[in-house]
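For the protein sequence lines, the chains are A and B, in the order given.
Read in order, the letters of the first sequence are residues 104 to 214 in the numbering used here.
Read in order, the letters of the second sequence are residues 4 to 115 in the numbering used here.
Take these hints with a grain of salt, some might be off.
Stretch-level coverage of chain B by chain A, calculated; a stretch enters the list once three of its residues show a Cβ under 8 Å from a Cβ in chain A [stated by the list, open to error]:
(1) 31–43
(2) 47–56
(3) 103–112
In short, the hints are calculated from the structure, not lab data.
Cβ atoms here follow ideal geometry from the backbone N, Cα and C, with glycine treated the same way.
Here is how the chains run, residue by residue.
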Amino acid sequence: SQTIHQWPATLVQPVGSPLSLECTVEGTSNPNLYWYRQAAGRGLQLLFYSVGIGQISSEVPQNLSASRPQDRQFILSSKKLLLSDSGFYLCAWSDSMVPLHFGNGTRLTVT
Amino acid sequence: GQQLNQSPQSMFIQEGEDVSMNCTSSSIFNTWLWYKQDPGEGPVLLIALYKAGELTSNGRLTAQFGITRKDSFLNISASIPSDVGIYFCAGQRTNSGYALNFGKGTSLLVTP
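Bound conformation, chain A alone (with noise of 0.2 Å):
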């Protein structure tokens, strides 16, 4: 069966430091990879979004980026993380056969 791995659960980092999110999936080939943001209104925004190794759709400018340097792994990345960064960061996979399931979440708070 396919699982999902998000980590780290929990991160506070300070204003204007880098920021590396990691994701992987396991039973699975060529995922599509996803990552959300969730603030404290429970929305459930799209950030990113990747097909293939390498290939990287952004629904929203942002200071964030986002890359796939394995066919499972996918990373989220700022340089300089703002306030408003603060959110709850989830990373989901689905391919063809399989909607969208999601991992558990990183609790991000920038200081």
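Once you've looked at the hints, dock chain B against the given chain A.
Chain B only, in chain A's frame:
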């Protein structure tokens, strides 16, 4: 992407009551999904619907794909305290490719 209209925004009910929530859109969808999110965790898929008119159950949960393809509802029967959480609907439009459109969630509180 387009936000779905999900209602109600919140519900406060007593254990044993039935619950109903729905999502509507001005656009046609070819897939409807319902998720539940517990505090501090990622949303978990409850039910997936792929055909207009489809009615699917998962234990005490029942969801339907509206025949117009622009709406879906989720019912929870005989609610229990562990049903507490935020419920999200999500729809995928026919030509949207890979991304889903999400509702803003229904927060459910159940008192014993």
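Violated hints - listed by number, lowest first: none
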